[in-house]
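Whole structure, please, built from the sequences with the hints as guidance.
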Amino acid sequence: MDTLHAVRARGITKCFGDVVALDGVDLDVTRGQIHGLVGPNGAGKTTLLGLLLGLAVADTGRLEVLGTEVGRAFAAPDGVAGFVDGPGLYPSLTARQNLAALAELRGRDARTAGIDDVLDQVGLTDVADDKARGFSLGMRQRLGLAAALLTRPRLLVLDEPSNGLDPAGKRQVHGVLNRLAADGTSVVVSSHRMDDLEALCSEVTILATGRVVFSGPLGKLAAESRELDYRVRTSDPRAARRLAEGMDGIEIVDDAGTRQDSGPLVVRALVPALDDLVARLVTAGVAVRELAPVVSPLEAAFLALTEDREERR
Amino acid sequence: MTTTAAAAATPVHSGPAPVSRSYRFELVKLVSQWRIRLLVLACWIAPGLFVAGVSGQSTLPSDTLFGRWMHATGWAGPLVMLGFAGTWALPLLTSVVAGDMFAAEDRLGTWRHLLVAVRSPRRIFAAKVLAGLTVILLLVAGLACSSTVGGLASVGNQPLVGLDGHLLTPSDAAGRVLLAWVAALAPTLALAAIGLLGSVALGRSPTGLLLPPLVALGMQVAQMLPLPVAVRLALPGYAFISWNGLFTAPARLAPLLIGVAVSLAWAVLATVLAHSLFLRRDFTNLAYDGAGRRAFTVGVLPLAALTVLTVAGIAVATDSTGITQAKVQRSLATTFAHLYRSQTEQLHRPAVTEAQLRTSAACTKSDGQAAQQGAGNDWRCVVTWHLPGVPVAGTAVYQLDVGSDGRFVADGDGPKEVNGYFLVRTSTGDAPNPLWQFDGDVELLDTTSKG
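Protein chains in written order, with our numbering: chain D, 7 to 319; chain S, 5 to 455.
Bear in mind the hints are in silico, worked out from the structure with no lab data behind them.
C-beta atoms are modelled at their ideal positions from N, C-alpha and C, and glycine is treated no differently.
Heads up, some of the hints might be wrong.
[Said to hold, decoys possible] What the simulated footprint calls covered on chain S by chain D, stretch by stretch (three residues with Cβ under 8 Å from a Cβ of chain D suffice, anywhere in the stretch; the number is not a length):
#1 59 to 67
#2 117 to 131
#3 342 to 354
[Said to hold, decoys possible] Negatives, chain S to chain D, calculated, CB over 10 Å:
#4 Pro20
#5 Arg28
#6 Ser175
#7 Ser209
#8 Leu214
#9 Leu231
#10 Leu268
#11 Val302
#12 Ala319
#13 Asp371
#14 Gln376
#15 Phe426
[To be verified] From the structure, some residues in chain D lie toward chain S, with a derived Cβ separation under 7 Å:
#16 Leu59
#17 Leu61
#18 Gly77
#19 Phe80
#20 Val90
#21 Gly92
#22 Gly94
#23 Ser98
#24 Leu99
#25 Leu108
#26 Leu111
#27 Phe220
Pasting the structure below:
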């Protein structure tokens, strides 16, 4: 039994008729970590999440969830919860009734199932007795998360949980997920919001047309990526520009024009060359006040994949 | 990469949820819907008010079976309601409940949530079927109880005149009314199962919701057409009519039992087909929108095959001659004799028995110009009877409107003092003449002895 990984998939293939949704997918999700799943539409993310939740079984390959091999549909082991394709809620029931019905379905007394606690965690206490019919998308997402929390999962599988969330709601949901991970729960989350995944995930898997094109830590993704554009704001922009112009592996791509003395410097470089630039700036007595990718490594990888796909068409 | 040492919270039990809990969950979902609550309320209140209201009117729904007796006894009310329910109410009620049991999850996008929670499509199916059945039974019970209470409260617990004119005591009437409603459950279950099948096969398409009323309408139309008796009995809708046989003496049980058996066979087969389609569904395929062509091969063809087999079975096992001249004459004579005794008692004349009356009828269709069989309003009959000590036989003329399901309305054409006027003068005043117009029933099967 694998005690290190909450999910271990090898060579997973899943077809719908002639459509190959997953093609030889390998996936490792470390216990107690938040793992991001990203890819263009139709990449196979929802299908993969569905397999983890036990909604279907792979055509070929081997899938272990929480140390148990899953060989047939609806046989996901204890402790797996979550949702794909949006949370399932019954509009004629209130938020509390939705959770109570779920708790009772799972054999628990609704009065002692911790409904108030999970509603509080996702910030829905004030609307606990309102019908779900009137809920916004963000509120539905949070109620879906509450429903998953109610089962005290060891593996939480969430499909686009940030859809429709306002900044406060997003912060609340992120807080919940981080606390869960800190308590040992593994979380697999798919999203199109790169900022969300970068803020949440320690590792990501990028899918494209049913295949894994990257899987690993975000830092490794940055290292493996092509040259990225970075914004560098310093105490002396003119000196910084002079230094950057003379370095190998650094290309200045900004067009600051008359603002060269005050605006940030935008350079294109690989990570080692960027490290070298920072070291030289510091040595030259130029303070680095901001250094950030113009487009995040994850988003760059995603865009590159999307562009490659479009080009192949 | 680190693995936290903190233990995750102990998860709750995650095996498949028991059917009992899923059933309760399905009931909660159904009862939380306003339309279901309104339906339950309407079924438990409206029939009682309707029966009480109609019973208080001077004009009765005499075109509905037992409608003409609503002034005479409270037991006519639930039977009028049953006739109406079999045509309209029960198909609509089952469509609202059963036709939406599965489609609702498609519409709300809750299948995956439900499957993750329950972890067994079989148990979900069982729970949904049981919950739908519970609500439908509640609705049918409401219709029956409410109309009975309305009838008894507004008219009273008097004897009921049966379809062949014989008098049923209040307790006998009560038992047969109950049996009639129980018998009507069988075709209701068949419609519910067809609704389930439509709901599973057609996904979120509203066609699934419309399926039970469409099938029921088709069956009603089929019962009105001059179809062979075997075909008529092989359709589940016949059981909505065959309870009529409970109100003759002796009761005509063969058509009733055939109707119930056919309906239950449809209910079981449609449920099994729905189950089969449901289990084959791929719940990860987001593009799923009904079983499409498979619904036809898995859903429609087996039911068509069942119909063909049933038709063949009934045709072989029974003597189904339909509406013949002899059966029309026999049925009219029997009913007339029973009702003549009622009129005799009403007018305080010396009592006679059916045996003494030796009633007979001579009927012709289209003045003898057409085949002497089948439905139509062109049957003309002359009824003859004898009274003890009176050498001359009495005669009365009737025009008969015979439906293709065997039910007929006999309209008296005279003489006036027997059957030509709607009132008779009794010692306590004018009263409805039982021989003026009455309902009767030609048994389509030749399986019982003469009544």
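Verification of the hints:
no.	hint	in the structure
1	59 to 67	violated (count 0)
2	117 to 131	holds (count 9)
3	342 to 354	violated (count 0)
4	Pro20	7 Å, violated
5	Arg28	7 Å, violated
6	Ser175	44 Å, holds
7	Ser209	19 Å, holds
8	Leu214	22 Å, holds
9	Leu231	42 Å, holds
10	Leu268	31 Å, holds
11	Val302	18 Å, holds
12	Ala319	44 Å, holds
13	Asp371	63 Å, holds
14	Gln376	60 Å, holds
15	Phe426	53 Å, holds
16	Leu59	5 Å, holds
17	Leu61	5 Å, holds
18	Gly77	15 Å, violated
19	Phe80	5 Å, holds
20	Val90	6 Å, holds
21	Gly92	6 Å, holds
22	Gly94	2 Å, holds
23	Ser98	4 Å, holds
24	Leu99	5 Å, holds
25	Leu108	6 Å, holds
26	Leu111	5 Å, holds
27	Phe220	16 Å, violated
Of the hints listed earlier, those the structure fails to meet are numbers 1, 3, 4, 5, 18 and 27, in rising order.
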